[in-house]
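Chemist: Listed here are the chains, written in short residue letters.
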Amino acid sequence: MMNRKIFPALFAVALALPALPAQAALRVLACEPEWGALVQELGGSLVEVSVATNALQDPHQIQAKPSLIARARNADLVVCTGAELEIGWLPVLLQQSGNAKVQPGQPGHFAAADVVRKLDVPGQLDRSQGDVHAAGNPHIQIDPRNIAQVAAALGTRLQQLDPAHTAEYARQQADFAQRWQQAIARWTAQAAPLKGVPVVSQHKAFVYLYDWLGLKEVAVLEPKPGVEPSASHLQGVLSALKGAPARMVLYAAYQDPRPSEWLSKNAGIEAVKVPFTVGGTEAAKDLFGLFDDTLARLLAAGAKR
Amino acid sequence: MRKLLAASLGLVLAAPVGAMADAAPDIKAMRQEIDAMRADYEARLRALEQRLKAAEAAASTPPPVLSVAAAPTSATPPATSAAPAPAAPAPTVTAASGGGANAFNPAISLILSGRYTQTSQDPATYAITGFQLPVDAEVGPGTRGFSLAESELGIAASIDPWWRGAAHIAVHPDNSVSVEEAYVQTTALGNGFSLKAGRYFSGIGYLNPQHAHTWDFVDNPLAYQAMLGTQYGDDGVQLTWIAPIDHYLEFGAELGRGRNFPGGDNSRNGAGMQALTAHTGGDIGASHNWRAGLSVLSADASDQSLAATNSAGSAVTNAFSGRTQVWVADAVWKWAPNGNATRTSFKLQGEYLRSTRDGSLVYDVGNTDSTGAYRAVQSGWYLQGIYQFMPRWRVGLRTERLDAGTPDYGLNASSFADSGYRPSKNTLMVDFSSSEFSRLRLQLAKDRSREGVTDNQLLLQYQMSLGAHGAHGY
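So the protein lines, in turn, are chains A and B.
Per our numbering, residue 1 is the first one in the first sequence, and the count goes up by one each step.
Per our numbering, residue 1 is the first one in the second sequence, and the count goes up by one each step.
Keep in mind the hints are simulated off the structure, nothing from the lab.
Take the hints with a grain of salt, since some may be wrong.
[Claimed, not checked] Keeping only pairs whose Cα atoms sit at most 20 Å apart, straight-line, the calculated SDA-like set for lysine to any residue is: (1) K224/A - S438/B; (2) K224/A - H469/B; (3) K224/A - P391/B; (4) K347/B - Q63/A; (5) K242/A - A231/A.
Required output: the full structure, derived from the provided sequences and hints.
Modeler: Printed below as a string of structure tokens:
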């Protein structure tokens with residue numbers, strides 16, 4: 001019988017292969033571009049980063065596709081947002097990877113949302129409220145202060161996983177932290193005119209940005225999180241804005257711009273595409289560019305009136 | 001001041017290395033640090049107050065998920081405290097209002113499904129011409145009218161750091177309950193290995209391991225119904241291994257009891273089923289990805305009761321003993337603009353199955369009882385495309401053919417007549433998902449499984465998921 005022969009052969013090959021030489025660089029799989037960029041900042045040439053999604057993809061809705069399984073299988077560290085953002089694909093990806101190092105709870109599994117204070121933690125958990133996240137709003141990356149906290153924890157994790165290069169990681173982390181704090185000071189000063197400005201969001205994706213800059217969310221285009229804006233709900237938002245006008249409507253680069261553009265046209269307010277992550281717009285080339293561009297766009301729209 | 005901050009930051013970070021130089025005892029820096037710590041603690045207090053409020057508000061709701069995040073966050077507080085938002089102390093248990101023993105309850109999901117069926121032919125006479133199937137085989141559109149479809153209870157959790165377990169209990173419309181899957185699986189073997197033991201759907205092909213609620217049509221293709229008993233599940237062990245290369249390459253080997261068709265449940269030592277699978281796949285740019293594979297399943301059967309029609313056109317029961325080998329070639333290709341399937345996406349999927357049954361057949365058990373050699377090579381394929389043309393709406397088309405081959409009945413040759421009929425079916429479906437947890441589907445089919453008869457089928461189906469909703473495979 002032919003498969004009786006294949007069977008032992010497969011086993012032999014499988015057992016012989018794991019003894020491959022250790023990789024020089026730490027292999028990191030980042031779920032979203034912002035964490036890929038952060039690992040690159042903190043790890044430099046010591047890490048080999050691949051990113052599971054691009055800025056034009058909705059991180060809620062990714063599939064555990066073959067290329068991702070292969071990358072998860074070979075990773076030393078998986079860096080994701082957590083807080084259930086990747087619940088639709090990451091658990092099955094990790095299960096199928098056959099990689100013990102990156103399972104939840106292992107040092108090779110890093111969830112950024114675990115180290116920051118989360119907003120929008122629902123008091124009541126019921127799916128009639130839409131696609132709510134029990135752990136709180138997962139879109140933590142649009143507040144640079146969160147990035148600073150994640151950087152500190154992630155830097156420590158890199159040192160733990162690759163102790164031979166502790167000093168180098170520490171140096172790169174200190175360097176990044178310094179540049180980042182300076183940038184935060186600059187951004188905060190730049191954004192002063194945005195304080196208290198009323199805005200509309202397409203998806204409840206910007207709470208951390210509002211928390212940082214003091215923007216005031218007066219309406220959301222999605223009737224419930226993850227539910228497409230309907231015509232009647234958009235009309236409702238439009239009429240509500242007559243009483244309490246907003247300055248602009250924000251949508252993330254990966255989202256369909258049409259609901260925001262519709263509101264922009266009908267309410268006569270600016271629609272602002274927020275890069276949301278590294279690569280979301282031409283100018284958001286790295287983490288610094290992400291916030292430079294986000295602020296530039298918000299300020300441009302805020303100054304139009 | 002910035003420089004000072006950076007310097008103290010650098011020192012704090014360098015501390016773990018042991019290269020701890022004496023910090024200049026700068027009073028200003030210390031004061032700053034104290035201020036920062038104070039701000040940090042105040043913020044933590046605020047966060048705790050918020051959590052307390054949330055817990056009070058949630059006092060009447062079921063205990064939410066426990067986020068076990070073992071992050072050894074020895075993050076240096078002064079380094080981060082320059083930012084006003086406080087670092088939460090590493091492992092945060094989200095408002096466990098239930099707490100205690102229930103905190104470790106597994107994830108529970110329930111799929112609710114029901115349907116309405118209308119057929120132009122009586123489902124009781126359903127058969128696939130040329131294919132001898134077990135008397136109790138679940139083929140065809142099932143009962144007419146309103147009925148509960150397969151509703152499924154799923155339970156899954158980690159068992160310990162080395163194992164996870166899952167069970168899927170199916171509730172059938174006739175009030176019977178069956179164990180669809182119940183297995184344990186390793187999580188810590190590493191090196192790309194994963195071992196599964198228990199009852200599970202075999203990893204052969206593309207559709208076989210998928211649960212009914214993830215199918216794109218109400219029913220499985222004819223080829224699966226005719227050659228794999230709709231979906232092949234077994235009791236046994238499965239080992240999979242993913243090659244340590246950047247390209248996806250996965251191999252799997254399975255040993256099982258052979259409890260379902262094409263196997264026959266026979267109590268004996270050793271394995272009544274062996275399967276080997278190989279799959280590969282990848283991306284083509286950001287918008288396309290694919291997977292393809294080849295699998296073979298071998299199963300033994302002894303005295304397997306099969307329903308058949310003899311050359312006189314009357315129904316008889318035969319008994320098959322021997323070995324069946326099924327080869328499955330599968331391929332799937334998915335497209336979404338920039339890999340973002342929120343608005344539009346397309347999925348093209350096809351499989352080819354070829355079954356060889358080799359052994360002996362007892363013709364007309366209980367009456368004629370004549371034994372003869374039996375060898376049948378049969379095949380079939382389907383091809384389907386699913387197009388999501390706008391958010392929440394999808395349309396799908398499936399076409400399929402079967403070839404019953406020309407079986408060699410040995411001494412029983414005169415008892416059977418082969419018409420050379422090729423069963424076929426074309427199916428059209430439209431579905432609407434109000435969210436990712438609910439789906440309504442309309443399916444129309446022209447089923448020509450029975451020679452000379454066209455069965456026009458209309459099926460309406462709902463499928464809803466409540467509770468924990470596990471991630472789906474590719």
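Chemist: Against the 20 Å threshold, does the CA-CA distance of K224/A and H469/B hold or violate the hint?
Modeler: 18 Å, holds
Chemist: CA of K347/B to CA of Q63/A, is that 20 Å or under?
Modeler: Answer holds: K347/B to Q63/A is near 13 Å, not above 20 Å.
Chemist: Is the Cα-Cα distance between K242/A and A231/A 20 Å or less?
Modeler: 17 Å, holds
Chemist: Would the hint linking K224/A and P391/B be met if the CA-CA limit is 20 Å?
Modeler: Measuring from Cα to Cα gives roughly 15 Å; hence the hint holds.
Chemist: Please work out if K224/A and S438/B have their alpha carbons no farther apart than 20 Å.
Modeler: Status holds; Cα separation ~15 Å.
Figure legend: structure checked against the earlier numbered hints; every hint is met.
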